[in-house]
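**Student:** Residues per chain are reported as follows:
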Amino acid sequence: MPSLRFRILLAFIGTITLLSTALGFWHYRHLRDLVTRSFTADSQVFAHLIARQAVAPLFAEDAAALERLASQALALPSLHGIAFWTAEGRLLQAFPAGDLPFSPFASTAIALDDLPAAAATGRGVLVRAPVMLATLSPEGVPTGPLRRIGEVSLWFTLDDLTRELASIRNTVVMAEALFALVAGLLVFTLERWATRPLIALIEKIRGIAEGDLSIRVEVPTRGGEITTLCQSVNQMADALQRHTASLERSLAERTAALDKLQALMDNMSNGVMVCRPLPGEEDFLIEELNRAAAGLGHLARDQAIGQPVTHLLPGLRPMGLLEAMRRVAREGRPEHIAEARYGDDRTQGWWEIFLYRLPSGEVVTVVADITERKSAEEAWRRFNAELDQRVRDRTAQLEAANRELEAFSYSVSHDLRAPLRGIDGWSVALLEDCAAGLDERGRQYLGRVRAEAQRMGLLIDELLQLSRVTRSKLEPTTVDLSALAQKVADRLREAHPDRQLEFLIAPGLQARGDPLLLEIVLTNLLDNACKFTRPRSPARIEFRRLDPAIDTDLAAGPTTRSDSEWPGHPGGPIGRPDPATLARVPVFLVRDNGVGFDMAYAGKLFGAFQRLHRSSEFPGTGIGLATVARIIHRHGGRVWGESRPDAGATFYFTLGEPS
Amino acid sequence: MLVLLAIWLVASLGASQAAEEEIWVFYRPDIPLYADTLKELIARHGPRLVPCPVGRVSASFLESRSPRWAIALGDTALQRALAMPWQVPILGVFIDQTTVDPRVMLLEVKQPHELQFATLLRLQPAISRIWYPYTTERFAPGPSLQRAAANARLQVVAEQVSDPRRLPEALRQFADPAMAVLLPPDPGLMNSAFLDALFLAAFRSHTLVIGFSESLVRQGAAFAFVMTPANLATALSEILQDPPSEESWPGPTRLFHRWNLAINRTVLGKLGLEVPADLLASASRLF
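Chains as they are written, first to last, in full-length UniProt numbering: chain A, 1 to 659; chain B, 1 to 287.
Keep in mind the hints are simulated off the structure, nothing from the lab. Check before you lean on any hint, since a few could be wrong.
For lysine to any residue, the following SDA-like pairs were computed, each having C-alpha atoms within a straight-line distance of at most 25 angstroms [as the list claims (entries may be wrong)]:
1. B:39 - B:215
2. A:531 - A:493
3. B:270 - A:130
4. B:39 - B:51
5. B:270 - B:172
6. B:110 - B:260
7. B:39 - B:57
8. A:204 - A:184
9. B:270 - A:132
10. B:39 - B:124
11. B:270 - A:215
12. B:270 - A:506
13. A:531 - A:439
14. B:270 - A:91
15. B:110 - B:96
16. A:487 - A:498
17. A:487 - A:509
18. B:270 - B:124
19. A:473 - A:372
20. B:270 - A:147
21. B:270 - A:145
22. A:531 - A:506
23. B:110 - B:85
24. B:270 - A:64
25. B:270 - A:67
26. A:374 - A:268
27. B:39 - B:260
28. B:270 - A:52
29. B:270 - A:137
30. B:270 - A:141
31. B:39 - B:231
32. B:270 - A:48
33. B:110 - B:270
34. A:531 - A:393
35. B:110 - B:231
Here the structure is a predicted model, which is why all the values come from computation and not from measurement.
Using the sequences and the hints, build the whole thing.
**Tutor:** Right under this line is the structure:
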């Protein structure tokens, strides 16, 4: 592109040249018209003057006078011919005759009417003027119309006019050329004066553009556009410097990030391949792939970039990955191929593939080599199958053993009841029949025998009950828990008429379960509450549904205790469920104001034969809560207890997911 | 030797005879009429005629020998001729000044007013007035003019037009159909300004103009009686061939009568005047 100076010079000089040319052309044309009009007017005026002077000679047909007049007129350089005609159109005199290159009067035989046609063939102007003669009245004043007594015809050549116009044209051209030259020199000088600051500014800007952002432009002291421009350039340089620094920082950060990304890609165990779809999406060109991807396909990374993917990995098409890449490239939806088997002449294996499309259109293929995982899964699957088989076998064995054990326990318990009943019966018989032979100590001992036998019987009953709970068939139905609890409460009031018992049973509590087993649960829980509130009067026992608005300590308390807090019950029914389950299933609770227990021993609560209090304080077999836990387990629910010593205890249970 | 002597004697006698018969013509060479007249005289008299241009003739020449005749064309020439010491007759033409020298005899060449008026009246009988312009008193209407006009029953209206500003007003008199113009040979009038104005006014008012030269007739005058150099030379020659006796010398002033009539038939035709055939026949020049 031409320089600024050149363009400025070209623009100004071109404008001056154009203007001077146009002006010169206009001036010359104006002059030409003026000269032509002046020539025409002058020639006509001249013709009329000649006509006026020719009145008398023409009237007298004075050839000498006409010749004298013609000779005087022909002194006019441009007049090359003059003729005098009579009123009848007869050529009287013509001067000169025939000694010029052309003259319409060359032939004396020419008629006046033929004069225009003859003049039209020559290079000149024919001007005709009538010679008029007035008639004087007797009073000496002109009267009547002028009388035409002849005509004067003048033949003006245009050669002189043409030469004059050529001279004018040459003068105008010379003047305009001189003007253009002077103007050009002036423009050249002024251009240097005007563009010097601009050129200096451009040099500075070029330096800045070449990267030297430390360059600053000297700002002229006088105001003006150049000053504003210099200030703007300096501001731009400052901004550019700041921006460049920012860009360099950003570039460094981006480079570091890119290095990290490259390192990440290079060190990824998954292969990453960036492919650009070819027109028609028949194939894809590899634009980038990491070391893992190169390793997966046994490819040389540098040679693979830029190659069609199907040439390097021909197995993509049979495995369906090429079609998936086309879909992703076309639709833009990421795809996940959980597993696919790749195979070609170089390599084969199982791949897990993620496909997605970049905003720029490239398709990124992330390949995880899951060949080992597939092998492990296969081994694991085989191992699980074997384990399942072994578990099934073991379970069968355990079930069989359990059934045998239960049958044995039942048999033992049932069979033990007869001897115990015999011991108690014979002890009663001994006391009744042989009371005289026994002293006080003997009777005391027999009383202990009977108590132990009865306790043993009670123990066997509860063991039998526990065994039945396990073995009996579950028949779930909708159970009115409030009614059941009220029933148990009435029985307990009857059993303990000496105690002041307050049962607070929420009405309308219903659940789905086996009514017999649920009655056992409520009996055990309410009986325990009645037992451990014996020191309290009144004893307050509450059965209701857990209300998160009231029982905030449980609802908003710490997370559920894991089963690990109740050793020995992993995966069992013991323990508070997770909050989601709590929010989903109804939770029932039995709360009392009894002696409570130390939570440190809570793990023993639901174990068979486990007791937290001495039998002398609170009699019992230690099987009740184990029975409760087993029933709750059979219903698919969970049970747990919370308490503090002397602060009462609360036992919660659920009955599985609502149907 | 004797033969040669005899020839010389004869020649000397012949030359002496010729010298006695010489005619000296004094003239101003710058005036064409005089020069042309001289040529005509030379053509008629041959070597007897000796041109004596004024200003080029020395006194010693004038005193060298006596001519037989001397002709003076104009006043200046007459003054030079009167400077001759010889008592020879001097025939003066175009003389305005009065002289009492007995050697001088004049040939009067003034315009023939009787002829002019007679011709005018033949062409336009209704003419009753003559407008006569002049610039100097020398050309003021003299008795001969008045007498001729009276004889022709014409009234001469003389007007001195030395002031050109009065000319337009004076030319208005041409509006009178009974008016004609008589131009005297006044050099003060012989300029194109006067003549152009005069003829233009005459043409506009159909006024006849009487000129005195072919040039004026050519320019538009109806007619003129013209004295040509040849006629003048003839008249002079006639006087020289038939001189008055020395006793009657200088004798009466001779009148020039060999006038040529020039008629501008074109102008007369355009003015609607018929030229009589005998008049046309007597004209020596028609335009």
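**Student:** Take the C-alpha atoms of residue 204 of chain A and residue 184 of chain A, compute the straight-line distance between them, and say whether it is at most 25 angstroms.
**Tutor:** Violated - the C-alpha atoms of residue 184 of chain A and residue 204 of chain A are around 28 angstroms apart, more than 25 angstroms.
**Student:** Are the Cα atoms of residue 487 of chain A and residue 498 of chain A separated by 25 angstroms or less?
**Tutor:** Given that 25 angstroms is the threshold and the Cα spacing comes to 19 angstroms, the pair holds.
**Student:** Would the pair residue 39 of chain B and residue 124 of chain B pass a check requiring their Cα atoms to be no farther apart than 25 angstroms?
**Tutor:** 38 angstroms, violated
**Student:** Does the structure keep residue 270 of chain B and residue 130 of chain A at a Cα separation of 25 angstroms or less?
**Tutor:** The hint holds at about 18 angstroms.
**Student:** Could you grab the alpha-carbon distance between residue 270 of chain B and residue 215 of chain A and see if it respects the 25 angstroms cut-off?
**Tutor:** Outside the cut-off at roughly 106 angstroms; violated.
**Student:** Compare the distance between the alpha carbons of residue 39 of chain B and residue 215 of chain B with 25 angstroms, and conclude whether the hinted pair is satisfied.
**Tutor:** 21 angstroms, holds
**Student:** Against the 25 angstroms threshold, does the CA-CA distance of residue 270 of chain B and residue 48 of chain A hold or violate the hint?
**Tutor:** Holds, at roughly 23 angstroms.
**Student:** Taking only the CA atoms, is the gap from residue 531 of chain A to residue 439 of chain A under or equal to 25 angstroms?
**Tutor:** At roughly 35 angstroms apart (the allowed maximum being 25 angstroms), residue 439 of chain A and residue 531 of chain A break the hint.
**Student:** For the pair we were handed, residue 39 of chain B and residue 57 of chain B, check the Cα-Cα distance against 25 angstroms.
**Tutor:** 18 angstroms, holds
**Student:** Just to be careful, I want the Cα atoms of residue 531 of chain A and residue 393 of chain A compared with a cutoff of 25 angstroms; is the pair within it?
**Tutor:** Given that 25 angstroms is the threshold and the Cα spacing comes to 44 angstroms, the pair is violated.
**Student:** Is it true that the CA of residue 270 of chain B sits at most 25 angstroms from the CA of residue 91 of chain A?
**Tutor:** With a Cα-Cα distance of about 17 angstroms, the restraint between residue 270 of chain B and residue 91 of chain A holds, given a limit of 25 angstroms.
**Student:** Within 25 angstroms, alpha carbon to alpha carbon, are residue 39 of chain B and residue 231 of chain B?
**Tutor:** 12 angstroms, holds
Of the numbered hints listed earlier, those contradicted by the structure are 8, 10, 11, 12, 13, 19, 23, 33, 34.
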